[in-house]
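*Asks:* As given, the protein sequences belong to chains A and B, one line each in that order.
Each residue of the first sequence is one higher than the one before, starting from 7 at the first, in the numbering used here.
Each residue of the second sequence is one higher than the one before, starting from 62 at the first, in the numbering used here.
Rather than coming from a laboratory, the hints here were simulated on the basis of the structure.
Ideal placement from N, C-alpha and C gives every residue a C-beta, glycine not left out.
A hint or two may mislead.
[Unchecked claim] So these bits of chain A aren't anywhere near chain B, every CB distance computed over 10 angstroms:
| hint | residue |
| --- | --- |
| 1 | Met47 |
| 2 | Glu48 |
| 3 | Tyr54 |
| 4 | Val57 |
| 5 | Pro82 |
| 6 | Asp104 |
| 7 | Glu118 |
| 8 | Asp126 |
| 9 | Ile130 |
| 10 | Ser134 |
| 11 | Leu145 |
[To be verified] With a straight-line Cα cutoff of 27 angstroms, these simulated BS3-like cross-link-like pairs (lysine-lysine) come out:
| hint | chain 1 | residue 1 | chain 2 | residue 2 |
| --- | --- | --- | --- | --- |
| 12 | B | Lys256 | A | Lys141 |
| 13 | B | Lys386 | A | Lys149 |
| 14 | B | Lys182 | B | Lys273 |
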Amino acid sequence: MRGPRRKTISNQERKMRTLALLFCLIGAVAVAADEFTREDMERWQEQYQRVAQKGRQLWTSGDLGSNGVACAQCHPNAANTHPETYPKFQQQLGRVADLWEMVNWCIRNPLEGEALSADDPKMIAIVSYIHSERKGVPLAPGKH
Amino acid sequence: MLPVSLVRLSFAEPGRGFTFGYISDSHIQHIRDDKFVRSWDQGLKRAVAEANLLDPRPDFFVFGGDLAHLGTRAELDHGAEMLGALHGKLYMVMGEHDYYLDMGDYWRKLYGDDYYSFDHKGVHFVVLNSILTYDDWNRRWDTPGRRMQEMALLDNPNGSPFMVGERQREWMRKDLDSQDKDTPIVVFSHSPLQKIYRGWNFWTEDADEVQKMLAPFRESNVIYGHVHQIQYNQIGNIAFTSVMSTAWPWPYPESYALAESHLPILTVPMNRADPSNERDATGWQFMNMHSGRIDTTFNLGANQNRRVAWNERHRRPEDTRYQDKDARTPPQDHF
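With the rest of the complex left out, here is chain A:
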């Protein structure tokens, strides 16, 4: 009887130690996630700006589609894209669609090109650029 009893105690101790260690770790992670510096914010902002800038390059270049037409030809400063109104019902698709789907619609039709996947870095860059030109406009999903 002694043997198993001793073993039980030792198991409990082990569990306690593990728990204590886990709490320590969770505590450490939580502290790191809560705190970020101005430098972090600048760095993140710079990351976004760089992607949006890449989007602007794609937007103004004739290489996105197959016929040399650029998004900027119809949408200077990404105007008339209304990113704040998505998701919304799109008549030509017959359903509610998101902004990236309309970007693809334009790539396929006026640009006569191949659609991009939603998580393609090019698509992320294009959507980043569109939003960067629309800062401060209140969200209005569904609006026409």
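Following the hints, complete the assembly by docking chain B onto the known chain A.
*Replies:* Showing chain B alone in chain A's frame:
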């Protein structure tokens, strides 16, 4: 020139007004070999085909600039071929997309001078090349192709404002000096001879000086392209009307939320375009010149036509159907 009394008399006779057609901003764009962007080709072909159906025939046609997209011979030749199917006398206006590759050399070879004047049935017409810019900017780029690309990008922060320039203004001053102040004047330019939004060159740097030359005339009218949208305005005695593009529509400057612009408050905008119809918010114009003023019918392929006519009581151009705030439709609301 006709004696003034005869001009007034002639306009008093309903039979003596006249009409002309106006096609603009076709942006014929070369891809490679014999391939051109299909949609822009279709826009010009359709405008020419529709204009050829006009009956009775207009006295002449005007092409308002930007026949080519990047100013190449291939584009200008292909555009000229399609425009050549138009039946009737054609007057040409230079656009920046025709100009900045070779500073207008090939265009002038095809069409002659880029600024000139002519008289027609008692009206004096002046055609300007309003898309010139500073010499420093012209010399700034390594290659002509680069210069063209930079000017072709409408929202380019490295762009440069359009202008008529001193030499042409001096020519215009002399040209207008010989005209009686009761002679109706019509100016054709590519860029607006008024300042709307500099960021997209909806703007001519020396517009004020040109307007001053038009101010002494009883009836001055300016027709301009470049903006790919319906705009109209009245400044003193000068009536302004823009024309549509046959290729694609442009947003109204107010829809760029990060910058301030000054669309004439008189303007009832065109409909927001439905992108699923590639001819939507594109078109060409039929113009009726009467009593020294112009009524413009916008032939909008996929939309209901619009008509902006001179309102003699208000002494300004007005939309004959939508001018009243209550008469406007949801697609005319741009944001």
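*Asks:* Hint by hint, say whether it matches the structure.
*Replies:* Verification of the hints:
1. Non-interface call for A:Met47 relative to chain B: holds, since the shortest CB-CB distance, roughly 22 angstroms, exceeds 10 angstroms.
2. Annotated as non-interface, A:Glu48 keeps its C-beta farther than 10 angstroms from every C-beta of chain B; the closest such distance is 22 angstroms.
3. Residue placement check: A:Tyr54 keeps its beta carbon more than 10 angstroms from all beta carbons of chain B (closest about 16 angstroms).
4. Under the 10 angstroms C-beta cut-off, the non-interface status given to A:Val57 relative to chain B holds; the minimum distance is some 18 angstroms.
5. With a closest Cβ-Cβ approach of about 4 angstroms to chain B, A:Pro82 is found to fall inside the 10 angstroms limit, against its non-interface label.
6. For A:Asp104, the shortest C-beta to C-beta distance to chain B comes to about 16 angstroms, beyond the 10 angstroms cut-off, and the non-interface label holds.
7. Residue placement check: A:Glu118 does not keep its beta carbon more than 10 angstroms from all beta carbons of chain B (closest about 8 angstroms).
8. The claim that A:Asp126 lies off the interface holds: its Cβ sits roughly 21 angstroms from the closest Cβ of chain B, which is beyond the 10 angstroms cut-off.
9. With a least CB separation of 21 angstroms from chain B, A:Ile130 remains clear of the 10 angstroms interface cut-off, as annotated.
10. The claim that A:Ser134 is not at the interface with chain B holds, since no C-beta of that chain comes within 10 angstroms of its own (minimum 15 angstroms).
11. No Cβ of chain B comes within 10 angstroms of the Cβ of A:Leu145; the nearest lies about 13 angstroms off, and the non-interface call holds.
12. Only pairs whose Cα atoms come within 27 angstroms are accepted, and B:Lys256 paired with A:Lys141 is accepted, the gap being roughly 25 angstroms.
13. Of the pairs offered as hints, the one joining B:Lys386 and A:Lys149 holds, with about 21 angstroms between alpha carbons and a cut-off of 27 angstroms not exceeded.
14. At most 27 angstroms may separate the alpha-carbon atoms for a hinted pair to count; B:Lys182 and B:Lys273 meet this at roughly 25 angstroms.
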